[in-house]
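Protein sequences appear in the order of chains A and B.
Going by my numbering, the first sequence opens with residue 1, and the numbers climb by one from there.
Going by my numbering, the second sequence opens with residue 1, and the numbers climb by one from there.
To be clear, the hints were calculated from the coordinates, so they are not data collected in a lab.
If you're wondering where the values come from, they're calculated on a predicted model, not measured in any experiment.
Yeah, the Cβ is synthetic: ideal placement off N, Cα and C, and Gly gets one too.
Mixed in with the good hints there might be a few duds.
[As the list claims (entries may be wrong)] If you only want the chain B side, here are some residues facing chain A, beta carbon under 8 Å, derived: (1) Glu-97; (2) Pro-120; (3) Asn-122; (4) Thr-126.
[To be verified] Straight-line alpha carbon distances no greater than 25 Å define the calculated SDA-like cross-link-like pairs of lysine to any residue that follow: (5) Lys-108(B) / Pro-55(A); (6) Lys-36(B) / Glu-157(A); (7) Lys-108(B) / Asn-98(B); (8) Lys-68(B) / Glu-117(A); (9) Lys-192(A) / Trp-66(B); (10) Lys-101(B) / Asn-151(A); (11) Lys-58(A) / Thr-121(B); (12) Lys-143(A) / Asp-133(B); (13) Lys-58(A) / Thr-126(B); (14) Lys-143(A) / Val-118(A); (15) Lys-96(A) / Trp-66(B); (16) Lys-62(A) / Ala-119(B).
[Said to hold, decoys possible] Just a sample of chain A residues kept apart from chain B, beta carbon distances all over 12 Å, derived: (17) Asn-28; (18) Lys-32; (19) Ala-42; (20) Asn-136; (21) Asp-168.
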Amino acid sequence: MKTKLFLLFLVVSMIAFGQIPSTISLKNVDGKMVSFSDYPTAKGFIVIFTCNHCPFAKLYPKRLNDLHEKYKELGVPLIAISSMDTISYEDDSYLKMIQKAKKEHYGFPYLYDPTQEVAKLFHAQKTPHAFVIWRNGDHFDIKYSGAIDDNGMHPNEVVNPYIAMAVDDLLQEKDVRIPETLTIGCQIYFRK
Amino acid sequence: MNIQKFLCKKRAQRIDAHLLLLILFSFGCAHSYAQKLPDWTDEIAISKQEELDGQTIILTHYFATWCKPCMEELPVFDCFIKENPTLVVRFICLDLENTPKLSRSIHKLRLPGEVYYLAPTNEHITHISRTWDGTLPFTSIRFPGENTSIELSGKQTSQSLQQLLERHEN
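Produce the complete structure using the sequences and hints provided.
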């Protein structure tokens, strides 16, 4: 009982300090469980909370594939997570996630968060909501939170590719220039 | 014969006039159908503010047609504004693109106030409010003679808006 309470206290403390445990494990669209701990050599991760139905999220599949292709080689792979309430949005069901990943040729894991616990852990509020997390011992620290870039509608007119900027800074062992931005998108409604 | 010719000419002229009217009418319709929502620019925001400052309560409501809770909430404003006809109400639409189709679907909603468009790029949305976290729908209420606004994130009810006004009046 005491051990359980201690573990609970540990997780709550980590959440409060923007720390993400590496043991988080969610089901991928290929049916296998995926955890940050499956990537022992990863320096960090680009984590994108996204979904199928949201018009804003629909603007980004190609850009997500490009980010993953570029940064996985540098030790920062991309992981997408859907935490949408599938009762309110049928389009975000696990089955539809599988179809979406196939259609968009996702080269990265697209994980299903049915309990929405992982979204709560990150304080993810919308889709898309992007994070860059960086390894710090046995856990990861949130180094960036916000939008993927500053122009969803027109990829050619992006001035600030926030995610790429944050990862580039961290790879050069610098502080992240812009650690937080405003993100607009579809609200993740948490079931009560 | 001359009379017949004269009548034919008159009829032809009348048909021409009708045709011209029809063309003008079609052009007018096509033009109105091709119209987009007016852009909500910083200049408009400032001029509107100066125009109304200190006179009345200004309610600015941010929404988008892709946002399910926003569309569910819109009828609330009908009821609320009927009960408070002196309010100045503006709806700012944050859809992905400002198209004539968007304008047509917005007009069908018959929103009780002026409707503007704001492109949801980070450049624009950061100007909405310093405290806004990007959640839609978002409502800002500014009371006469006050520099700050009351800001409400998420879906509201007619009652909650009414209570807010009453609380402020008291």
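(message) Hints numbered earlier in the text: which of these fail when held up against the supplied structure?
(response) No numbers; nothing is violated.
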